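K.L.:
Read off the chains here:
Number of protein chains: 2
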Amino acid sequence: MTEIVPAKSTPLLTVAGAQAIVRQHVRPLCPEPITLTSAVLSHVLGADVLSDLDMPPYHKSMMDGYAVRCADLSTGKGRLQIVEEITAGQTPKKTLEKGQASRIMTGAPIPAGCDAVVVVERTTLDGESWVRIADRPPKLGQNILPQGAEMRSGDVVLKAGTILRPKEFGILATVGKTTVPIHPSPRVAILSTGDELVEPKERPDGAQIRNSNGAMLVALVSGAGGQPRYLGIGRDEAARLKPLVCDGLKSHVLLLSGGVSAGKLDLVPGVLREAGVAAHFHKVEMKPGKPIFFGTAIRLGGGTPTLVFGLPGNPVSVLVCFELFVRPVLQRLRGCVDAGPHFISAILSADFSYRTDRPTYHPARLEASSTGWKVRPVPWIGSADLRALTEANALMLVPAGDLRHRAGRTFEVLSLD
Amino acid sequence: MTEIVPAKSTPLLTVAGAQAIVRQHVRPLCPEPITLTSAVLSHVLGADVLSDLDMPPYHKSMMDGYAVRCADLSTGKGRLQIVEEITAGQTPKKTLEKGQASRIMTGAPIPAGCDAVVVVERTTLDGESWVRIADRPPKLGQNILPQGAEMRSGDVVLKAGTILRPKEFGILATVGKTTVPIHPSPRVAILSTGDELVEPKERPDGAQIRNSNGAMLVALVSGAGGQPRYLGIGRDEAARLKPLVCDGLKSHVLLLSGGVSAGKLDLVPGVLREAGVAAHFHKVEMKPGKPIFFGTAIRLGGGTPTLVFGLPGNPVSVLVCFELFVRPVLQRLRGCVDAGPHFISAILSADFSYRTDRPTYHPARLEASSTGWKVRPVPWIGSADLRALTEANALMLVPAGDLRHRAGRTFEVLSLD
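So the sequences go chain by chain: A and B. Under my numbering, the first residue of the first sequence is numbered 32, with each subsequent residue one higher. Under my numbering, the first residue of the second sequence is numbered 32, with each subsequent residue one higher.
Read the hints as simulated data drawn from the structure, not as lab findings. Please read all numbers here as calculations on a predicted model, not as lab measurements. Each statement offered as a hint is correct.
A pair holds if it fits inside one copy or across any two, identical chains being indistinguishable in the list.
Below 20 angstroms or equal to it, Euclidean Cα-Cα: the simulated DMTMM-like pairs (lysine to aspartate or glutamate) are:
1. Lys125 to Asp146
2. Lys190 to Asp448
3. Lys125 to Asp236
4. Lys318 to Glu152
Generate coordinates for the entire structure from the input sequences, incorporating the hints supplied.
P.N.:
Listed below in structure tokens is the structure:
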């Protein structure tokens, strides 16, 4: 039998230390031009976007009503001759002279001579071509948005690093930016390992279980803005695992689940080494997820190295490791400046006793209250128990020790929603 | 010239009243079976999902180590004969007798006779087939997860109405639910109207502007879980608008922007009437977005009626109306039980004077602090000013009046992120 090596007594790498190692190996993917219609929410701009025009492009009426001259309405009341009707999209032809007004629609350019717009609700038509106005004395520029008030030609309207939300799509359309420089979505290969696994469509028998990590990682990766590629289940045999690993190394990121803990069949680190992956760490002082492996490999086709994470096989460990290590990597590759993870402080809502030998990311329920965030741990029977997480929407960091935590204490919490 | 009808003095419909009217016309779309691999994050389950197996399917080791009998290790120390090696995916063949142990890997089934697992770190091999153990006295069931502890066959593991997040994908895979009952994503047609509009790829001249609402609504709809279909720009002419409207009425929802305010070219409500749309309201007491129109039409092909929103033409009005009315509708159609909008209470961080004649949804910056949410208004020069919203991540509800709001006051705020 192969020797099982007992754990060494050297202190384990901390989560913060491990995150710092990962960060050293991650650079944003080079921006590529894509069409505005192919861009999606959460894409990140790879360059500043400039306006090619003034907005509004002309002095614009902000209301439906009448374009007037303030001088004609010093009391707020008057009867003016209607000389023109200007709708949005039309260019005014007449200049307002003394005693004249033009009907004007929201968004239309104001005519020459006009220095205020009176809203239609303060007017009544008097025959075909006269209007009576009964309002407060108009203020200069009232209901007029000056040319360039929103943006001027040449202005940087969106900065590099901006995450595209719906309003950014509106701004890109406004300035005619139909080809957008975007950090591409990282391609992420997903490989589940383990002789005990069968695909979800199969009926497990005996000691088999269905592969839940594959489907969960596909969802996690797409939710984090990556392009997942599921490679299937790798069996616990180096010769069968290696070609799948080599395929996965063509992606920006390779995620494996299973096969990294101390058991003799946990052969992933060895296969990775054979496939040219340089190991940067293996084991981190955390629970669950302690056996996590991180390495890098020169990527076929050049560019950034492939980042390789060997995640433990238990689904809850996978989720925790993804949130602490993989999501921030995907954010950084996608060009996000502030890649996280973003913990928030929350108040424990009831006493909680817990014994653990490592800092533990415990499933928890996080809720907003009028006095800030409240958190309570969700019952949890072990790292495979995905169902316990149905109620959970967060992970709370519980320190090592056999401790009684009093209600009111502050915990660092990572939201999962 | 056509008469411009001044606003009536009857009180306007409130936002809450308008939302209640909309709610009466919305039912979740009927669930349809889709494959697990086609399901996406944010899809909502249309029926309970039951487990078809126990998880774990057997008494399972939670650690790498040795399956033992507690009776053999009453002091925590001992030397046991190794009779078998059990990896995940294997079925144990040997029953543990007095003085015997089996090597066991995380996730593997425990052998008959075993009542505890000792972790590998507390053991040393003694030749090929003996192991020395030096640990605390084992507890009954230590490191063993009993069969069915996570779920039992027949258990409801996910309830109807559950929003699919990554862990739900893991649970669906675990129970072999490869065809999932899902409320379909609503199909949403988007039609921008206005003679002043040109497509983003064109160069506007004179009184033209680019259509920003189309791209923004496409992004809003897809971010809200709908399937957007952009119908292009409808010109301000009933004969040209009507076929586009009729095309849009084939969808679950038709969103128009522009053409609903009091100006004479605002002909959308008339065209909608001709196309068979029953109007339920037109104008709501809010700023921006007052001219919003809502109606319904019998949908070709049957099923739920088509919901029709005529949104104002200004981009900020579009955004506000979308968040207050359209997003909750899409949520409800998608089967969400709690469809929103979800306002949160936030503390004003600095004094703010504002005059408005209607309840106003003002662009604002919302930030979490250790004592709860803080909000501050973002400078805003009018409802067309999308760029002002770059800094904003929320809308704060400011009451009507000419008021000075003191720092520390609580406002209701709607997050846009």
